[in-house]
Structure formats: structure tokens, C-alpha cells
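Student: Residue numbers (this note's numbering), protein chains in the order written: chain L, 1 to 265; chain F, 1001 to 1283; chain G, 2001 to 2290.
Honestly, the hints are just simulated from the structure, not real lab data.
All values reported here derive from a predicted model rather than from experimental measurement.
Be aware that a few hints might be false.
Unchecked claim - Straight-line Cα separation of at most 20 Å, SDA-like style, residue types lysine to any residue; simulated pairs:
#1 L:Lys68 <-> L:Lys105
#2 F:Lys1055 <-> F:Leu1080
#3 L:Lys180 <-> G:Leu2144
#4 F:Lys1023 <-> G:Leu2144
Claimed, not checked - If you only want the chain L side, here are some residues facing chain F, beta carbon under 10 Å, derived:
#5 Ile134
#6 Ile163
#7 Ile168
#8 Thr170
#9 Lys177
#10 Lys180
#11 Arg215
#12 Ala216
As the list claims (entries may be wrong) - Simulated restraints on C-beta separations:
#13 F:Gly1078 <-> L:Asn193: 32 to 42 Å
#14 F:Asp1141 <-> G:Asp2133: 46 to 56 Å
#15 F:Ala1220 <-> L:Ser191: 49 to 59 Å
#16 F:Asp1141 <-> G:Arg2258: 35 to 45 Å
#17 L:Asn193 <-> F:Ser1013: 55 to 65 Å
#18 L:Arg149 <-> G:Gly2220: 49 to 59 Å
#19 G:Arg2265 <-> F:Gln1142: 43 to 53 Å
Quick reminder that beta carbons are idealized off the backbone N, C-alpha and C, glycines included.
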Amino acid sequence: MLQNIAIGQYVPGTSFLHRADPRSKMLFIILFAILVFLANNVITYAILIAFTVMTVMLSRLSLAYILKSLRPVWILVLFTVILHVLITKGGEVYFQWGWFSIEEKGVTQAIFISLRVSLLVLVSSLLTLTTSPIDLTEGLERLLGPFGRIGVPVHEIALMMSIALRFIPTLMEETDKIIKAQTARGANFTSGNLIRRAQNLIPIVIPLFISAFRRAEELALAMEARGYRGGVGRTRLRTLTMSWRDGSIALAACVLLLVIGWWRT
Amino acid sequence: MTEERLLALQEVSFAYEGEGGQKETVLNRINLDIHKGAFVSVLGHNGSGKSTLAKLMNALLLPKEGTVLVTGIDTRDGELIWEVRRHVGMVFQNPDNQIVGATVEDDVAFGLENMGTDPAEMRTRIRESLQAVGMEAHLYDQPHRLSGGQKQRVAIAGIMAMRPSVLILDEATAMLDPMGRREVLNLARRLNREEGITVVNITHFPEEAVFSDRVIVMRAGQVEWDGTAAEVFADPDRLQALGLDVPFAVRVRHALAAEGVSLPFILHQEELVEHLCKLLLKR
Amino acid sequence: MQITFEEVSHVYGVGTPFERLALQDVSINIPSGSFVGIIGQTGSGKSTLIQHVNGLLQPTKGTIRLGDVTVTPTRKLPHESRRNIGLVFQYPEHQLFEETVAKDVAFGPLNFDMPPEMAELRVREALEIVGLDYQEMKDRSPFLLSGGQMRRVAIAGVLAMQPKVLILDEPTAGLDPAGRKAILEAIYRIHREQSLTTLLVTHSMEEAARYADRLIVMAGGKVMLEGKPDEVFAQADTLRELALDVPETVSLISQLNRKLPEEQRLPSSVYREEELISHLLARISDRGER
Chain L
1 MLQNIAIGQY VPGTSFLHRA DPRSKMLFII LFAILVFLAN NVITYAILIA
51 FTVMTVMLSR LSLAYILKSL RPVWILVLFT VILHVLITKG GEVYFQWGWF
101 SIEEKGVTQA IFISLRVSLL VLVSSLLTLT TSPIDLTEGL ERLLGPFGRI
151 GVPVHEIALM MSIALRFIPT LMEETDKIIK AQTARGANFT SGNLIRRAQN
201 LIPIVIPLFI SAFRRAEELA LAMEARGYRG GVGRTRLRTL TMSWRDGSIA
251 LAACVLLLVI GWWRT
Chain F
1001 MTEERLLALQ EVSFAYEGEG GQKETVLNRI NLDIHKGAFV SVLGHNGSGK
1051 STLAKLMNAL LLPKEGTVLV TGIDTRDGEL IWEVRRHVGM VFQNPDNQIV
1101 GATVEDDVAF GLENMGTDPA EMRTRIRESL QAVGMEAHLY DQPHRLSGGQ
1151 KQRVAIAGIM AMRPSVLILD EATAMLDPMG RREVLNLARR LNREEGITVV
1201 NITHFPEEAV FSDRVIVMRA GQVEWDGTAA EVFADPDRLQ ALGLDVPFAV
1251 RVRHALAAEG VSLPFILHQE ELVEHLCKLL LKR
Chain G
2001 MQITFEEVSH VYGVGTPFER LALQDVSINI PSGSFVGIIG QTGSGKSTLI
2051 QHVNGLLQPT KGTIRLGDVT VTPTRKLPHE SRRNIGLVFQ YPEHQLFEET
2101 VAKDVAFGPL NFDMPPEMAE LRVREALEIV GLDYQEMKDR SPFLLSGGQM
2151 RRVAIAGVLA MQPKVLILDE PTAGLDPAGR KAILEAIYRI HREQSLTTLL
2201 VTHSMEEAAR YADRLIVMAG GKVMLEGKPD EVFAQADTLR ELALDVPETV
2251 SLISQLNRKL PEEQRLPSSV YREEELISHL LARISDRGER
């Protein structure tokens, strides 16, 4: 039941996108987000859609699979579409029935907004789909590296992220086990009003917290025993290297920026 | 052959600050020498101080009184503490709570990264140490997909990669199933024999102690007994009084002796079979 | 309470890429009042099996009868029935959550709408069964106890519901010899005194040999062997194929019998240590007299 929350979960592979440096992928997404908000007419959106389709092809993942893995997001998009169609008024009236009307502005607004969200989600999900969580953490640590000089604990943040990644499956199993153990003792998690239900969670939440603290304490001891003393003087197994792929990503970014800048109105 | 002293505890005492500030003595004036290449088992029931002893050996705890020397380095020498921890590797009880890396490879690398090892050198060492523990096929696996025994072997690989002198197993088999326990113990014995690693195995399974060169029995913060496995297991009553088990063969011999049937001292089942056969076939 | 499984199968994650067959056509019959040892490697289906007995999991196929209640893929175990079937998970101390020992042990009884005075009585009894003093323990925080004590409190939390069936998943894991013995002896005592039906999942053949009167050996989601301990231990080859041990007593006898002439062999049905020793003594004194 807990496995179902894997939105954009990493799919191992060897495609162009899989092998590109996580740093260039992350930087590109930031730029892409800006471009999506700069786009404001049919031509610019068409360019972005074409580009997104091309990127999906570069990932060698099936579009159907990606769309399916993003199912919760589509519900959100659909909701926004309905909301805009109903609320935004102006322009030609397409349909009217009492106070209820669908008007031109609402429809165009809904199309643009949903396009924006869809493009953004699609492209950023490609990042997590083609980059292992470890490489993501690694890339983030390197990208944020310069902030270390102004006192941001970059190494610690990255280490926290990677330990969290390591322990998520363990803690999920543990949650499942505690729920079962309390159910076996007659606990009921599905009845009663909201307050009652919140109270019913106590027998799960407290053991989980205690266990997480115990694990943290033991892990800290084990890390110390293995000579951990913070980021100073530490080397890394994983080294990130830029390649021609990252050069082409940069080039694509520049071209896209120029094209969108030229065609937007 | 000259025996090199690898670990030395001299008059070591340790106390925890209990509830309400009073001191709870955990270890009381311990004197121990552990020589290079030895396989030492430390037996004791829960609360006998055996885990504290282990943590003193790699400077996770520092003695309140007395001195702990690791290859001649005083563990209280703050500048050399990392050297001490490189020399003395420790495997803990809970396999889940000592793996740091999100993959086997990353986890074995953790200690090396801390030491500032060059990445190319790291890869060689990771490969070698995973081969030594028989886990090379799992290089890219996620830890939570491994069995308990496999996780402990990964933990041992992470330590072996740091080229230590001593491997301390702090009840490292307590949470494993029999198969996992065998895996880990056989591995420790092989590393001791083939790589010359000194092993200190802290345990309450007497079957594990049978194979060691030396057995140390702890009781209420003191060394109750220190000798060969044969010496220590020769007195099952005394061990049982300490809440400890003895191996099956020793138990059977002892029960027979109580009824007036005496057998020579034995530790292993094969010896027991042999002696019983002689006795039963004797005319 | 009699427990019967008829061709029970269980599949995890039906319809997902993670689909996994965990139980396959399991048919077993556990007579009321028996003490059953369930043995198998990690991942052999033991945990899945016991979770079916108290309705935490429902069969994908097949029928389970618990006394006069029937569980099928479409019919759940009623909430009230769960009280009759106590399940102690592995490392049960990890489920403690209340401020005091007494409150934690009372959690189960109160969930089943037992009046508070009655619950208190049950708590007192349960703590005493596991060898803890009620007056001394009741107001203490469970989190400040030793590991062995926490384990006992957790077991008391299940006993306080006064189940008719007691299921324990490796109740001695991680304890020292003294702690292991204390817990098993307490379980064995209450099993006899209250004529419970007890299911003990264990990795230790020694524990199984000492306490169980029936054994179930599982591998790959199937029941491989089932029967009285001597019947199961007689299948040493099958056990070895499944990478399981036989108790040391059994392996000693089989090694001796291989070397002894036919008329001198020890009975292979012996598996308890005391019994083995008295057999050995009898043989040895026989020899002496002749």
C-alpha cells in the first residue's frame, strides 16, 4: 500500500538523458521553468511542446509509462481546468444555462495553465525518472557547493538526504509492522470522528518516533566508529564529470532561450 | 615467534552517569592484552559490561580511569583518534542501523571517504573487500534488499576496506537467523586465518566461542575468567551460574559425568561421537 | 481452538509488477491445545502464514477455519474474534507506546471493551505470568526498562487479552540465554495451565525440540513437512536440503548409529536432551554389567 507513492520513480537505463550529468539536468530544468512562464502564444507553446516530446524520446522511456506514473498530477490538472473554465469570464460566450456559462477567456486560460503545469511536471519528472536518487543528491551537493563558503552546511544537507533515501524503505516496513502489531491488539484505525481517528494514530506514531531515534543514535555511533568527522578532508567515491552530452544540453538551452525570446509577444 | 601486543587495557574503569547523577560502574579495573592474529571471544550476559569493553577499544568511549592502548596509541590522544578507529573496526548488533550508503558500493566506500582515500584507489579496495566477504555480485544492490547475514557481511567489507588490524564483532550475530550467523562467523574465522586479522567476537552463543583461541568471560564489569575454550568450558556449572550456556557436547559430557560415566574433555560433537562409540563398543 | 487451513494461497501485490506468491496451497490442521513449532528459512512464508491466523492477512484463495469462524477471500475475520487470537510479533518491544507499563498492557483489553476494573486484573495476571512484579512495574515507563523486560511487557500486552490461541514470532530473538529461557518457560507454563493452542515460529531447532508437540516445516511458501517432532526430525535429509539443521541431539544419535552395530543402535525417535542422556546411560551400564 505504501509503495504506490512512487511518482517519477527512477527507472535504470543508459539513454542520453540517463548518462547526462545530474547538474546540467537540474540547471536545465530551472531554465525550462522560466521559459514555460515566458511562453505566451501558440507558437512558443508549440515550440516547447515539440521540445518536450523530443526530450521524452531522448530518455527512451515510453510516453505512456511516464503519463501513467504521473496519474495523481493529471487529476490536479483536470481540477484546475474545470476551475478556470467555470470561474474565468470574458470574451465570447460559448454556452449559457442560467448563471452557468463557459466563456472564451476561461477556455484559453484553462488550456494555457494546464499546458504550463503539464510541461513542467513532465520535464521535471524526466529528471527523477532518469537520475538515481544518489546521483541527484550528489549533483545537488556539487551545485550548492559554492554556498558552503557563506556558511550553508551543504555537505550535511546532502548527507541527510542520502541517509533519508537509505532509510525510507526500512521505515516503511517498520510502519507496516507496527500497524499490524497494534491491529492485532485490537486497535481500530478506521472508525470514529476526526479527533478520535487522530488519537488512534498515537499507538503508531510514538513507536515510530522512538524507533527512528534509536536508529539515528545507533547509526551515528556506527558512522563515528568508521571514522566519520564531517565533510573536512573527505573524498568522494562518485565523481561527476561533464561530457559532450552536457555541452549539447547547454547548446539546446541557449537555442531554446533565443527562439522563445524571439517569438513571444 | 614474538607476540605483538595489539590492544592493551591497563586498570581500565568506566562508569555511566545514572539517573539522578549517581555513577553506575560498568567496568572495574580491567587488565587485558590482545595479541596480533588472535581470535578472542568475549562471553557475558546482558549488562556484564562486554559491549562497553568493545566501545573502549576503538575510542567510541574513553576510560574514566586507566589506559587503553591500540597499537601503542593511547585512545585518549585526540589527534590520533582517527588512526585508532582505522585500526579497530567494529560491527554492531543491528544490521539495519549501521549501513549508511544507499547501495552496497556506497556503503563500503563510506569509511574510505572518511579517510580521504583517492577515488581510483577506493574502487580497487571496494572490489577487493567485497570479494573477501563474497558479496561482489551485490555491488549495486540496495541494502534493504539483502538478508541480515548479507548486511553484516557488507558491514565487514566496509571495515576490511579500511585495512584494519582488529575486527570487533559486538554481538553482530545476535539478530541473525542460524544461516546468517554461520555466514558471519565463518567469514570472521576465515579473515582471521587467511588475512591475519585479529578478531574480538562479543557474543552470548557458546557455539561461537568454541572456535576461538581464547575466551574471556565477563561478569559485573570484571573479567571473571580468561583462558582457552577448553579451560573455560571445563566448568559448565560455573558458566551456567553466570547465566551462560555451554556447547551441547560439553553439556552431554557433564550430564554423563554426574552419573559416574567419565569421558575425556571435549568441545566438539565429533569428539563426543568418537568417545561414546569407544565406550559403547568396549567389551 | 482448532485451526484448519484448506488449500490456502496468498499473493502479495496482486496486479502490480511486484506480485509475489507467498503461500501456495497450504493445508494444515492444528488440533486444539497443541504446541506447534513453525520452522523455515527467512522468507519461507512463516510470517505470512501466522498473519492469516489472526486475520491481518486474508487468503487470496482457500478457506481458514478458526474454531467455528470461517475466513475466506471474501469473508473477513470479525473484530471480536481477533481477541481470541493473540499475535506477538518479532521484537514486540517496538510496539510499546504508553506512559506506563500498566497502561500499555491494558491497551488490548480496553480495545475489546473490557471494563477498566477487569482490565486491571488482567494486566496484573499477565505481568505476573511473564515474571514481572505488578506493584513494582505498573507505574514505570516501559522505555526505561531493560531489553528483556520490555520484551516481557510486550508479551504481557498480548496475554492480557486472554487469547485462546497464542502465536509468537521468534519471541527470543536477540536475547541472552537466561532471557531466552525465562520467556520460553513462561510461555510453556501458560500454554499448559490455560490449555492454549500455541504457535511458535522459531529458527532454533533446540527450542522446537524442547517445547513443541507438533512441527510444521515451511519452504518457498509451502508446507514441506508436518507431524510430531520425531517424525519430522527423522527426515534429516529433507531438512538438510532446505538448509535447516536437525537438533544436536538428533544429529548425535544419527552419527552414533552410523558407527554402532545394528543391535546397539539408539532409537532415532529420541530428540529431547534428558531422554538422550538416560538412553546413553542405560546403554553404558548395560555394557558394564555384561
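Student: Hints first: check each against the structure and report whether it holds.
Tutor: Each hint, compared with the structure:
Simply put, lysine 68 (chain L) and lysine 105 (chain L) have alpha-carbon atoms about 30 Å apart, too far for the 20 Å limit, and the pair is violated. The suggested pairing of lysine 1055 (chain F) with leucine 1080 (chain F) holds, with an alpha-carbon distance near 16 Å, which does not exceed 20 Å. Between the alpha carbons of lysine 180 (chain L) and leucine 2144 (chain G) the distance comes to roughly 24 Å, so the proposed pair goes past 20 Å and is violated. A hinted pair counts as satisfied when its Cα atoms are at most 20 Å apart, and lysine 1023 (chain F) with leucine 2144 (chain G) qualifies at roughly 17 Å.
Because the smallest distance between the Cβ of isoleucine 134 (chain L) and any Cβ of chain F comes to about 5 Å, under 10 Å, the interface hint for this residue holds. Hint on isoleucine 163 (chain L) holds. Least Cβ distance to chain F is approximately 7 Å, under the 10 Å limit. The closest approach between the C-beta of isoleucine 168 (chain L) and any C-beta of chain F is roughly 9 Å, which is under the 10 Å cut-off, so the hint is satisfied. Of the supplied interface hints, the one on threonine 170 (chain L) holds, with its beta-carbon coming within about 6 Å of a beta-carbon of chain F, less than 10 Å.
Among the interface hints, the one on lysine 177 (chain L) is violated; its C-beta lies about 12 Å from the nearest C-beta in chain F, farther than the 10 Å criterion. The beta carbon of lysine 180 (chain L) is not positioned within 10 Å of any beta carbon in chain F (closest approach about 18 Å), and the interface hint is therefore violated. Among the interface hints, the one on arginine 215 (chain L) holds; its C-beta lies about 5 Å from the nearest C-beta in chain F, closer than the 10 Å criterion. Against a cut-off of 10 Å between C-beta atoms, the interface hint on alanine 216 (chain L) holds, since the closest Cβ of chain F lies about 9 Å away.
The hinted range of 32 to 42 Å is not satisfied by glycine 1078 (chain F) and asparagine 193 (chain L), whose Cβ atoms lie roughly 58 Å apart. Restraint check, aspartate 1141 (chain F) to aspartate 2133 (chain G): a C-beta distance of roughly 48 Å satisfies the suggested window 46 to 56 Å. One distance hint, 49 to 59 Å for the beta-carbon pair alanine 1220 (chain F) and serine 191 (chain L), holds here, with the actual separation near 52 Å. Under the hint 35 to 45 Å, the C-beta atoms of aspartate 1141 (chain F) and arginine 2258 (chain G), about 42 Å apart, fit the expected range.
Checked against the given bound of 55 to 65 Å, the beta carbons of asparagine 193 (chain L) and serine 1013 (chain F), roughly 58 Å apart, stay inside it. Taking the beta carbon of each, arginine 149 (chain L) and glycine 2220 (chain G) are about 57 Å apart, inside 49 to 59 Å as hinted. For arginine 2265 (chain G) and glutamine 1142 (chain F), the Cβ-Cβ distance of about 51 Å falls inside the hinted range of 43 to 53 Å, so the restraint holds.
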